[in-house]
Amino acid sequence: MALTSVPFMIFALITGIIYFALPKKQYRWVVLLIASGFFYVYNSFRYSAFILITMITVYLAARRMADISAETKAEVRSHKEDWSKEQRKACKDASAKRRRRLLAATLLLNFGILFMLKYFNFLSGSIASLLGGSPDDAPQIHLLLPLGISFYTFIATGYLIDVYRDTVEPEKNFFRFALFVSFFPQIIQGPISQFGKLQHQLIEPHDPEWDNFKKGIMNISWGVFKKIVIADRVWIAIKAYNSNGGIHGGFIEGEEFAGYGGTAVLFIVLLYALQLYADFSGGIDISRGICQVLGIQLEANFRQPYFSRSISEYWRRWHITLGAWMKNYVFYPIAMSDLSKRISSGIAKSDFGATPAGKHLSKVFTTAMASFIVFMLIGIWHGANSRYIGFGLWNGIIIMLSAMLGPVYDSTRTALHINENAAWWKLFQMLRTFIIVLVGYVFDIAENFTNALQMLKLTLTDQSLSAFRDQVSTLGLTKQEYAAVAFCTLVLLYFSIRLEKLSLDTPADLLERRPGLVQWAALFLLLLCILIVGVYGPMSDPADFIYMQF
Amino acid sequence: MNKPEVNEKQNKKPYGRRTAAILLMIAGLLFSVWFMQRFMCIPFSYDEIRTINFHKEPENSIDVLLVGSSATYSDFSSACAYEKFGFTSYPYAIGGATSTMWKPAVQDALDTQRPKLIVVDVFGGAYERDLIDTRSNQLSIVYSHTAFSEEKLDSIAESCSLVEDTSEESFLFPFIKYHNNVPACIKDLPDRLVLEFSGPSPLKGVNTHTRSRWLMPVDPASFTDETAPLDEKNEKIILDFIDYCKSEDLEVLFVKYPMVLSDDYPEELEMNLRANRILEIARENGCGALNMQKHFNDMHLKELRDFYNHGHANTRGQIKITEFLGRYIQDEMGIGPSELSESDKAAWDEAVVWWNAFRDMTLEEIRDNKIEDVGDSPALVRRMEALVGSSR
Chain A
88 MALTSVPFMI FALITGIIYF ALPKKQYRWV VLLIASGFFY VYNSFRYSAF ILITMITVYL
148 AARRMADISA ETKAEVRSHK EDWSKEQRKA CKDASAKRRR RLLAATLLLN FGILFMLKYF
208 NFLSGSIASL LGGSPDDAPQ IHLLLPLGIS FYTFIATGYL IDVYRDTVEP EKNFFRFALF
268 VSFFPQIIQG PISQFGKLQH QLIEPHDPEW DNFKKGIMNI SWGVFKKIVI ADRVWIAIKA
328 YNSNGGIHGG FIEGEEFAGY GGTAVLFIVL LYALQLYADF SGGIDISRGI CQVLGIQLEA
388 NFRQPYFSRS ISEYWRRWHI TLGAWMKNYV FYPIAMSDLS KRISSGIAKS DFGATPAGKH
448 LSKVFTTAMA SFIVFMLIGI WHGANSRYIG FGLWNGIIIM LSAMLGPVYD STRTALHINE
508 NAAWWKLFQM LRTFIIVLVG YVFDIAENFT NALQMLKLTL TDQSLSAFRD QVSTLGLTKQ
568 EYAAVAFCTL VLLYFSIRLE KLSLDTPADL LERRPGLVQW AALFLLLLCI LIVGVYGPMS
628 DPADFIYMQF
Chain B
56 MNKPEVNEKQ NKKPYGRRTA AILLMIAGLL FSVWFMQRFM CIPFSYDEIR TINFHKEPEN
116 SIDVLLVGSS ATYSDFSSAC AYEKFGFTSY PYAIGGATST MWKPAVQDAL DTQRPKLIVV
176 DVFGGAYERD LIDTRSNQLS IVYSHTAFSE EKLDSIAESC SLVEDTSEES FLFPFIKYHN
236 NVPACIKDLP DRLVLEFSGP SPLKGVNTHT RSRWLMPVDP ASFTDETAPL DEKNEKIILD
296 FIDYCKSEDL EVLFVKYPMV LSDDYPEELE MNLRANRILE IARENGCGAL NMQKHFNDMH
356 LKELRDFYNH GHANTRGQIK ITEFLGRYIQ DEMGIGPSEL SESDKAAWDE AVVWWNAFRD
416 MTLEEIRDNK IEDVGDSPAL VRRMEALVGS SR
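Protein chains in written order, with our numbering: chain A, 88 to 637; chain B, 56 to 447.
Hints are computed from structural coordinates only; laboratory data are not their basis. Idealized CB from N, CA, C, for every residue including glycine. Don't take every hint at face value.
As the list claims (entries may be wrong) - Straight-line Cα separation of at most 25 Å, SDA-like style, residue types lysine to any residue; simulated pairs:
#, chain 1, residue 1, chain 2, residue 2
1, A, K111, B, Y70
2, A, K326, B, K357
3, B, K242, A, L577
4, B, K242, A, Y623
5, A, K566, B, N192
6, A, K566, B, E206
7, B, K357, B, D415
8, B, K242, A, Q567
9, A, K284, A, Y419
Unchecked claim - So the derived label-pair ranges between C-beta atoms look like this:
#, chain 1, residue 1, chain 2, residue 2, range
10, A, E400, B, A75, 42 to 48 Å
11, A, L100, B, L294, 55 to 61 Å
12, A, L580, B, D318, 53 to 59 Å
Extracted from the complex, chain A is given alone in its bound form:
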């Protein structure tokens, strides 16, 4: 039941009607729980046990942590008179140790499940290859990925770490916690919500509100437009590129095909950038729109990422909630760890640390390393394949170098008298960042790491417009379809520029400033566009949401 399918829309509509129609408002969250449970079991019945394990273990661990804290506090309080400061500290340390062990065990279990299901086959095959054997002979787990496993594992473990850090109160009611983990609009592809921001919204009863309804419907429509008008149409070309053998070629309708040249590869990478953004952000818009209708505000996951002026800014605008999760639960613990501090002070105290470069490096080395690790993890999070590792490696190296070479950039800019606020400079930075992002996407499209490097080489060495003209016709799109994609991309670009300029979140916010008639007309045209240009119906083959597989 994809987010853009008619059954899902009907399901969401029925859920909304029952939710608002329930007379006992305090139980409205139960409607969401039942709907989420139904949605999960309907879509991933065979693998429902995995999400249950996560819910139960994380819930129990969080409860136990709270109990340990409470017991410790009670014990310290009861011995307030007879315990020394050292004894109180020892008691608290013991408590913290127990909590840490519990946290570690629960994280190990849940990430262990994720690892086994997602990465075991890859790792097992890789080890077999390293040992000279065939990856096919390596032991394999023949299971599909449970729906949304990466997302719900991160959501649940994030909550547990928050409880461990005492930043949130643990949820007492298991069913309420189950709703937080399995909430149906976000289970497929996020966003990765934080307990403190979402849980109270899920439990609070909401009444139907016109503004929420209007904005929600607009966001849903905008998301559907991005997904089935742009992303699914562009996917036809990307699919054709792959099925025609990519750069190596193959056979097209029985005729030999030599493979795509550098210009076609560049074109495909651009189309992929468009597809990935339209697909993922479109799905998020639909999820957020549904929640908005229900009166729940999900966190934003995108903020015009292709307008970023640096790669680190890009990652603050793209898949924002994953970035925030990584920052909170991976980056800071690494950057602030004793080891990092020791490395920093080690550099600072060395002879090299006395030089300007050494001083700078001592400041940024640990954060750069932490960033590198974060991006390696983000790459691995996307999937078990060397190309994803390549993707993480590329982003990690760029961010690490950006941090380390910061003063070099600054001095070069100063020497060249470049005005940082000049429009052309901003545009150049955007273009530069976009190219860096595109290089990362090559790893995403390619079959593997080696293929990605070959593709990159072709884009640099084999540019030919005449070859491109011949090859573009083999990508499965007609001239009219290219024109439709171009027009819809311009619409997308226009709204992105306006949102960026006015610092707004969604096109619904933008339209809100216009007269009612304009809003209705815009929605009408958008829906008409979806109906006419959308990829749906029996002859179409729309793509699954890309991030569903992650």
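For this one, chain A is given, so just place chain B on it according to the hints.
For chain B alone, kept in the frame of chain A given last:
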């Protein structure tokens, strides 16, 4: 006490307006979809126009219904047949139609007509299995003009069981399948609307190419009655069609239109044998069967003059084939001149005038080597109006 009442009234006002706006927008979307589905979904081809025009024919005014694929309309002229033999006919035919289209077309036709004879082009039934399994556009054209009924739903369900990659929803609501055609159909919208509001066409679904081309002489071996086996599924479809016609008390004549078959077209030579098998099935089941390929020379057909390609006759060939088939229908199937109301007779007489003008125009174009694909359409109607000197 008054204040809350005022607030209540103020609150109610936008709710009313909002509800009205939502309903208006839903109505607008539904109307747009209905409009596009009706006028801008299925490409405005000669096949589509011919089907639309069939539904404009006055009730029970067609005595001979011809169904099948392209040879039906390229080789036979209804107006010419009326002029020579006096019976009314119409080619309810769609290019590339396979045997899966026959039954739905006849079912649809019976909604408004009670033909005395159904003439079926067997060549479309002799297509390869993969084409029978996959050709659905022809069915879409038929269903998009078939009136909604329980029989239509059953027919759609049956077609979906025979043809791959189809769905009942898309036959019922072609917009689901063909919505992407809408932008390309915008240019044809004016003519589509003209057609919607005009009466029956005096061109009676005629369609040809104004050319003759160099073709290898017809291979006399193609005049055979020898057969090749049909695919089991296809044979079942044909037998089911015959059963259906019998259940509706319809007389059926299966015909094989003449083609310039030679070694240049080995696939068609093979199809020719399968088409013979269909004629054999027809005879075995008490239906009429006519192998016109055998009468190629009897019709005085000339490969270099009478065909615009090896499978389709031009106007010269069309006249010869219509005369031959018309005579067969008259003499062997016993179809005499149609009994028509005065207005219907006047319309058919007008069709004869138009046919004569069309014939002269296309023959001249063939002579002048002015190659053109001409078929019954609002554009051709406008041209013919200028030629005939009448305004419709």
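Hints and how they fare:
no. : hint                          : in the structure
1   : K111(A) - Y70(B)              : 24 Å, holds
2   : K326(A) - K357(B)             : 49 Å, violated
3   : K242(B) - L577(A)             : 24 Å, holds
4   : K242(B) - Y623(A)             : 23 Å, holds
5   : K566(A) - N192(B)             : 22 Å, holds
6   : K566(A) - E206(B)             : 40 Å, violated
7   : K357(B) - D415(B)             : 19 Å, holds
8   : K242(B) - Q567(A)             : 14 Å, holds
9   : K284(A) - Y419(A)             : 20 Å, holds
10  : E400(A) - A75(B): 42 to 48 Å  : 45 Å, holds
11  : L100(A) - L294(B): 55 to 61 Å : 46 Å, violated
12  : L580(A) - D318(B): 53 to 59 Å : 58 Å, holds
When held up to the earlier numbered hints, the structure conflicts with 2, 6, 11 and fits the remainder.
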